[in-house]
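Let chain L serve as the given structure and place chain E on it in line with the hints.
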Amino acid sequence: MLAQLQSDILRLQGFKPAGSGLGALSLGAIDAAFPNRTFPTGAVHEVVSPASEDLAAASGFLTGLMAGLMRSKGVAVWISTRRTVFPPALKAFGIKPDRLLFVEVPRERDALWAMEEALKSPALTAVVGELRDISFTASRRLQLAVEQSQVTGFIINRAAKLTTTACVSRWRITSLPSETPDALPGIGLPQWRVELLRIRNGRPGVWQVQWQKNRFVVAAHNEQPTTNHEPLSQAG
Amino acid sequence: MARFVSIWFRYLATDWFSLPHPEYKKIPFVLRQPSHGRLIISAANAAAVRSGISCGMALADARALLPDLHVLDDEPDKIQRVLYKLAEWCMRFTPWVALDPPDGLFLDATGCAHLWGGEEKYVQEMTNKLTARGYTVRVAMADTPGAAWAVAHYAKNPGVVPAGHHIEALLPLPPEALRLEPQVVERLHKLGLHHIKQFIHLPRAALRKRFGVGFLQQLDKAVGQEREPLQPIQPVEPYHERLPCLEPIVTATGIEIALKQLLEMLCLRLQQEQKGVRAAVFKGHRVDGKVEQISIATSRASHQVSHLFKLFEIRLATIEPALGIELFVLEAPKVEPHLPQQEKMWEAGGGLDDVRLAELVDRLSNKIGERIYRYLPEEHHWPERSFREATSLQEEAMTEWRTDVHRPLHVLPVPERIEVTAPIPDYPPLLFRHKGRVHTIVKADGPERIEQEWWRQQGQHRDYYRVEDDEGNRYWLFRLGHYHDQTFQWFLHGYFS
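Chains as they are written, first to last, in our numbering: chain L, 1 to 236; chain E, 1001 to 1497.
Keep in mind the hints are simulated off the structure, nothing from the lab. Among the clues, some could well be false.
[Stated by the list, open to error] A short list of chain L residues far from chain E (calculated; beta carbon distances all over 10 Å):
1. 4
2. 31
3. 77
4. 98
5. 108
6. 123
7. 141
8. 158
9. 198
10. 219
[What the hints assert, rightly or not] 20 Å max Cα-Cα, derived SDA-like pairs, lysine to any residue:
11. L:120 with E:1403
12. E:1310 with E:1299
13. L:96 with E:1353
14. L:213 with L:177
15. E:1367 with L:107
16. E:1334 with E:1268
17. L:120 with L:147
18. L:96 with E:1471
19. L:213 with L:193
20. L:91 with E:1078
21. L:120 with E:1313
22. E:1443 with L:188
23. L:213 with E:1402
24. L:91 with E:1402
25. E:1334 with E:1376
26. E:1435 with E:1471
27. L:96 with E:1390
28. L:96 with E:1435
29. L:91 with E:1382
30. E:1310 with L:117
31. L:213 with E:1404
32. L:96 with E:1313
33. L:161 with L:117
34. E:1367 with E:1299
35. L:161 with L:91
36. L:91 with E:1384
37. L:73 with E:1395
38. L:91 with E:1381
39. L:73 with E:1353
Even for Gly, the Cβ is constructed at its ideal location relative to N, Cα and C.
Isolated chain L (complex conformation):
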């Protein structure tokens, strides 16, 4: 009864019911945090990663997500002022690198324009934008753009200081020491600490996620995100 009511409310708010279109992306235990237990597509997500090391971790997690969204046919666009993504590495995260278009914008403010333009195009599955600074108004514009086209947008926010945005969620991905089976020497599979700091109509959480053979494996789960570096829970 309650669950029925809840999903009715969500539908009225514009959230698609589970299993429609490309939304059938499963993240295992993380799904419980999302409204309708489905990863919200057709929305703009924000990933904060000020440092270069975090950027790599965030990109890895995002690429894994996008691989699930793009499947075999989708095309995605990656917008930045300077490409640092190494195309041959994408294949390990399940994306065919030649299905990704890289846009190198000459100036920071063109990145926002390009991202909005790309988000409006229904030909794409996902758009990633590396932005250094984003205002509330700008993020609102992006959100409005995707509501028409149902493209999923990801902002990699490189700003050191966080501001309020209109994005549907905010993530922080940091690297965790990799694990090798039987304590063998060397480096094992990528492992991240995935913090969902904010999610509209969902429950934030922290997970330990591993990338294994083209899929996410959620290793451990604690319900509440650490609040020591979360100055914006009241702002969002």
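Positioned in the frame of chain L, the structure of chain E alone reads:
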């Protein structure tokens, strides 16, 4: 039926020198040019010709004939530029104008004369306008360029030769009218053949034997048996639309409407011919004679008015109407076949063939330039060369992307120097310092040695290590050169996720 006009500027050089000095027209006036150590006359005006002076005469002889002869230095290059300018000016009569050096023009007047109320009036208008500018001209119109040329140069009263009558017009003219080589003309005269009618009906085999193939070709060109290859000064784009305006347009809205109309005209035509635009130029001819233009390019052929309009729209503000634009021209210098697609089919799937994706790429690249990249694998071990830019959205990968080696998701555009502590040769370092931060290495893999491709570039090999520091961040380091060389250097090249 094709119609050609030949304009002969009888005294082009002297007329041009007389423009600033009208009094030169009355007195004998020649231009001189040095040739083989003496001065010869390169052009003479009408008064000088009447006194018996001709081109090619030595200046000293002419002075003996006419002591008060006015002489100036010739400038042949300038005269050729003048002829080109005149050709451009003649574009008002027809879009197709070709040069006929040294002193003539050819105009393809097919379908143009009726705008002037008939061929007589058309030629008359041309003659009047050019005479008013100060040039002595002989203008003739005929079915072939050769016949028009012959009539303009050698007929008593040049003018319009009615369609289909150009052979009759040729008959009384001398053989020079066929633009023959001097030796051939001389031989014809020696044989007593002073008019075309005397030899035009002779057997062709005999003519070829005596005067060569070139002679027959010239004859055929005049008669119309052979096409005359002429190069127009401004090639007419096969795909172009014109929109003349009654009143000069000065407002942005007006320009937008003009562009939309032209696009609709062009796209309708392209659609019927199953073609699409790859490049287009929008020109506005201003009242003051300047031409404002903007151009666009598309990544795949398109005949969508709305899409092309969007591409132009970004640049539309750069058009300066000044006093107003009286003529808009839309040209498509590059078109490609564009077969109709069942566009609905793509809507669900998307993919790289999607028209809307190409449209997005066009929109982006028209604003920020050619900065949209797609990468394909290359069979190289050297990391910087292991991929290349694709030339189009549709290009397929020739090889597979490699998955057997570990590559970092982010690489630095240029590897950055780091300081390391690596006490054991060919073992991964214990710690490294990058940008003032010390990273203690907990786990490591490697080395993976990548040699330079000596046939491309000389240099030292790289030994790559994947390392993980105590915070769990993973890096891609390499040592350039051998450990025992003492000249090796360590670099940070990328970040693993």
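Hint by hint, here is what the structure shows:
no., hint, result
1, 4, "holds, 30 Å"
2, 31, "holds, 22 Å"
3, 77, "violated, 8 Å"
4, 98, "violated, 5 Å"
5, 108, "holds, 12 Å"
6, 123, "violated, 4 Å"
7, 141, "holds, 16 Å"
8, 158, "holds, 12 Å"
9, 198, "holds, 22 Å"
10, 219, "holds, 13 Å"
11, L:120 with E:1403, "violated, 33 Å"
12, E:1310 with E:1299, "holds, 14 Å"
13, L:96 with E:1353, "holds, 16 Å"
14, L:213 with L:177, "holds, 18 Å"
15, E:1367 with L:107, "holds, 12 Å"
16, E:1334 with E:1268, "holds, 16 Å"
17, L:120 with L:147, "holds, 9 Å"
18, L:96 with E:1471, "violated, 30 Å"
19, L:213 with L:193, "holds, 18 Å"
20, L:91 with E:1078, "violated, 65 Å"
21, L:120 with E:1313, "holds, 17 Å"
22, E:1443 with L:188, "holds, 9 Å"
23, L:213 with E:1402, "holds, 15 Å"
24, L:91 with E:1402, "holds, 8 Å"
25, E:1334 with E:1376, "violated, 27 Å"
26, E:1435 with E:1471, "holds, 16 Å"
27, L:96 with E:1390, "holds, 14 Å"
28, L:96 with E:1435, "violated, 34 Å"
29, L:91 with E:1382, "holds, 17 Å"
30, E:1310 with L:117, "holds, 12 Å"
31, L:213 with E:1404, "holds, 13 Å"
32, L:96 with E:1313, "violated, 34 Å"
33, L:161 with L:117, "violated, 26 Å"
34, E:1367 with E:1299, "holds, 14 Å"
35, L:161 with L:91, "violated, 32 Å"
36, L:91 with E:1384, "holds, 16 Å"
37, L:73 with E:1395, "holds, 15 Å"
38, L:91 with E:1381, "holds, 16 Å"
39, L:73 with E:1353, "holds, 10 Å"
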